[in-house]
Amino acid sequence: MRQATHIFRKEFSAYFISPIAYIVISIFLLVTGWFFFATFFLFNQASLRTFYALLPVVFAFVIPAITMRLISEELNVGSDEILLTMPVTARDVILGKFFASVAMIVAMLIPTLAYPLTVTLMGQLDWGPVIGGYIGAVLLGAAFSAIGLFASALTRNQIIAFIIGLAICFALTLIDKLLYFLPQSLLGVFSYLGADFHFQNIAKGIIDSRDVLYFVSICFVGLYAAYLALRSKQ
Amino acid sequence: MILVENLTKYFHSLCAVDQINFDIQKGEILGLLGPNGAGKTTTLRMLTGYLRPSSGNIRIKDLSIDKDTLEIKKILGYLPESAPLYHDMLVFDYLNYVAAIRQINGKKKMSRIRHLADLCGINEVMHQPIGELSKGYKQRVGLAHAMMNDPEVLVLDEPTSGLDPNQIVEIRKIIKEIGKEKTIILSTHILSEAEATCDRIVIISQGKIVADGSAENLKQSTRGKNIMKLSVQNADFQTVHETLMGIKELDDVTRISETDGILSISLSYRSKADLRPKVYSKIKETNWVLLEFHQETQSLENIFRELTKEN
Numbered sequence: 001m002r003q004a005t006h007i008f009r010k011e012f013s014a015y016f017i018s019p020i021a022y023i024v025i026s027i028f029l030l031v032t033g034w035f036f037f038a039t040f041f042l043f044n045q046a047s048l049r050t051f052y053a054l055l056p057v058v059f060a061f062v063i064p065a066i067t068m069r070l071i072s073e074e075l076n077v078g079s080d081e082i083l084l085t086m087p088v089t090a091r092d093v094i095l096g097k098f099f100a101s102v103a104m105i106v107a108m109l110i111p112t113l114a115y116p117l118t119v120t121l122m123g124q125l126d127w128g129p130v131i132g133g134y135i136g137a138v139l140l141g142a143a144f145s146a147i148g149l150f151a152s153a154l155t156r157n158q159i160i161a162f163i164i165g166l167a168i169c170f171a172l173t174l175i176d177k178l179l180y181f182l183p184q185s186l187l188g189v190f191s192y193l194g195a196d197f198h199f200q201n202i203a204k205g206i207i208d209s210r211d212v213l214y215f216v217s218i219c220f221v222g223l224y225a226a227y228l229a230l231r232s233k234q
Numbered sequence: 001m002i003l004v005e006n007l008t009k010y011f012h013s014l015c016a017v018d019q020i021n022f023d024i025q026k027g028e029i030l031g032l033l034g035p036n037g038a039g040k041t042t043t044l045r046m047l048t049g050y051l052r053p054s055s056g057n058i059r060i061k062d063l064s065i066d067k068d069t070l071e072i073k074k075i076l077g078y079l080p081e082s083a084p085l086y087h088d089m090l091v092f093d094y095l096n097y098v099a100a101i102r103q104i105n106g107k108k109k110m111s112r113i114r115h116l117a118d119l120c121g122i123n124e125v126m127h128q129p130i131g132e133l134s135k136g137y138k139q140r141v142g143l144a145h146a147m148m149n150d151p152e153v154l155v156l157d158e159p160t161s162g163l164d165p166n167q168i169v170e171i172r173k174i175i176k177e178i179g180k181e182k183t184i185i186l187s188t189h190i191l192s193e194a195e196a197t198c199d200r201i202v203i204i205s206q207g208k209i210v211a212d213g214s215a216e217n218l219k220q221s222t223r224g225k226n227i228m229k230l231s232v233q234n235a236d237f238q239t240v241h242e243t244l245m246g247i248k249e250l251d252d253v254t255r256i257s258e259t260d261g262i263l264s265i266s267l268s269y270r271s272k273a274d275l276r277p278k279v280y281s282k283i284k285e286t287n288w289v290l291l292e293f294h295q296e297t298q299s300l301e302n303i304f305r306e307l308t309k310e311n
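Protein chains in written order, with the numbering used here: chain S, 1 to 234; chain P, 1 to 311.
Looking at chain S on its own, in the form it has when it is part of the complex (with noise of 0.2 angstroms):
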């Protein structure tokens, strides 16, 4: 566990060393800031629901750009060779990566805490499910980035590591959309799978144990396919 905490902050910081960082923070800002205020006058509501309505679909696409260098990085430089024959284990590994993406989308959401500052000036918001939202955030964050990181130890290749870590996301997040087409005896089943419906349900404000044990799940599932992928490379 200690050599996890040691990758984890090898990788953190060369989120912040290479321009990553700050270009996927600066889009994720950007994209949020936009959408978010651009309606927010129409309604005349002071709360965040607009931009929690948005984020499932904006984190399908920035968390596994976020992650999918994790993995696929090393094995095209073939850096997993030196990695691996150091005294760590492949859980070692996979933990620490995971970590620190969950920390590079903890650094890209704090600026966004401006949004609810900047509502709190011109109305009366409710903390209650702007806290919760925050909570969500995370875990669907986490979420996503054990997909990604999934996506990124099966390939060398970055880019497919990013495509197959969107669609996944992108089919968790808009499957209980869909559910118009499915027969009725998979609905439930389907609406539980979803991202998007779990998170809207913690964005409410209600910290529900369901939805949170089902963002637990996916990150267990997540983690444990990325490290089945990399043993298997041996």
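To be clear, the hints were calculated from the coordinates, so they are not data collected in a lab. Remember, it's a predicted structure, so these values are computed and weren't measured experimentally. Treat the hints with care, as some may be off.
30 angstroms max Cα-Cα, derived BS3-like pairs, lysine-lysine [to be verified]:
| # | chain 1 | residue 1 | chain 2 | residue 2 |
| --- | --- | --- | --- | --- |
| 1 | P | Lys-61 | P | Lys-208 |
| 2 | S | Lys-233 | P | Lys-135 |
| 3 | P | Lys-61 | S | Lys-233 |
| 4 | P | Lys-176 | S | Lys-233 |
| 5 | S | Lys-233 | P | Lys-67 |
| 6 | P | Lys-219 | P | Lys-74 |
| 7 | P | Lys-219 | P | Lys-229 |
| 8 | P | Lys-229 | P | Lys-282 |
| 9 | P | Lys-107 | P | Lys-173 |
| 10 | P | Lys-108 | P | Lys-182 |
| 11 | P | Lys-108 | P | Lys-61 |
| 12 | P | Lys-208 | S | Lys-233 |
| 13 | P | Lys-107 | P | Lys-176 |
| 14 | P | Lys-182 | P | Lys-229 |
| 15 | P | Lys-107 | P | Lys-74 |
If you want the ones that stay clear, here's a sample from chain S, every Cβ over 10 angstroms from chain P, calculated [to be verified]:
| # | residue |
| --- | --- |
| 16 | Ile-7 |
| 17 | Phe-35 |
| 18 | Ala-38 |
| 19 | Arg-49 |
| 20 | Leu-54 |
| 21 | Met-86 |
| 22 | Pro-87 |
| 23 | Ile-163 |
| 24 | Ala-167 |
| 25 | Asn-201 |
| 26 | Leu-213 |
| 27 | Ala-229 |
All residues carry an ideal CB built from backbone N, CA and C; glycine is no exception.
Once you have looked at the hints, place chain P on chain S.
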């Protein structure tokens, strides 16, 4: 120290390493030789725990690779082929990171990094990104990486490939220096290098061991052609050929060159006895001027080529 038993590795249906056995004593420098694709890198990767063997076992000290992988990694230092390091990191940051993973902390860390920087000669590039280094420096950083934990066993995969002759000499010097106390396994396809640095040579071809022993032993054990070369003046090839073919052990006399009246010829024979006295006494009977006369030692190149020929 290291015992490799029936080690086999399949990649799907392709057999990369086929039931190889060897052992390495403590303090030995072992050279793994072989043509491209012979299974050298695969063998080393299994030794270092990067690849899992399809079957067979590797024991290092009293640890077994499949059960005590982590413990083995702790006493091992490994430099993969062409030193694949993180391009974005500064050399110092990288060594710092490696030291952290190797659990070297505090004051010991700085002194260890400084010592390795001196040993590998990378002081002047400590604050450059690894991606910008020349191949030689990258290799040295890789070597510093491999020696961070003062490993008992050092595994080097083609440590001198892509280096210039000066750097090759330096790296060999470092290897020799470390090899006084440590067990080293290195792979190479440069034969002179194996001869110069290794105590023992294992030649593998198509995943199998075809020879194992010191360079001297290998040279003696293979019965190849012996070659003798001589240059004479005041003679023409026809008479030289006739005269020397009088020695019945000689197989062949061939002309290498004939310039300015100097005739260079090579004599080949298979007999184990030294033919030099016989050849000399033949020449003494004539009025040729003998300019050059030497027996070529069986070179490792010839042995290598003979052993690793397809089929």
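Test the statement that Ala-167 of chain S is away from the interface with chain P: the closest C-beta pair must be farther apart than 10 angstroms. holds (27 angstroms)
So is Met-86 of chain S really clear of chain P, every C-beta pair being over 10 angstroms apart? violated (5 angstroms)
Holds or violated: are the alpha carbons of Lys-108 of chain P and Lys-61 of chain P at most 30 angstroms from each other? holds (26 angstroms)
Leu-54 of chain S remote from chain P - nearest C-beta pair above 10 angstroms: Check passes; 32 angstroms lies beyond 10 angstroms.
Is the Cα-Cα distance between Lys-219 of chain P and Lys-74 of chain P 30 angstroms or less? violated (37 angstroms)
Is the hinted pair Lys-208 of chain P and Lys-233 of chain S satisfied, with a Cα-Cα distance of at most 30 angstroms? holds (23 angstroms)
No chain P beta carbon within 10 angstroms of Ala-38 of chain S's: With a cut-off of 10 angstroms, Ala-38 of chain S remains clear of chain P, as the shortest Cβ separation is near 37 angstroms.
Has the given pair, Lys-108 of chain P with Lys-182 of chain P, been kept, meaning a C-alpha gap of at most 30 angstroms? holds (21 angstroms)
Least C-beta distance between Ile-7 of chain S and chain P, which was stated to exceed 10 angstroms: violated (8 angstroms)
Decide if the proposed pair is consistent with the structure: Lys-229 of chain P and Lys-282 of chain P, CA atoms, cutoff 30 angstroms inclusive. holds (15 angstroms)
Checking the smallest CB distance to chain P, is Arg-49 of chain S really beyond 10 angstroms? holds (40 angstroms)
Cβ separation check - Pro-87 of chain S to all of chain P, threshold 10 angstroms: Given a closest Cβ separation of 4 angstroms, the condition is violated.
The structure is inconsistent with the numbered hints 4, 6, 14, 16, 21 and 22, although it conforms to all the rest.
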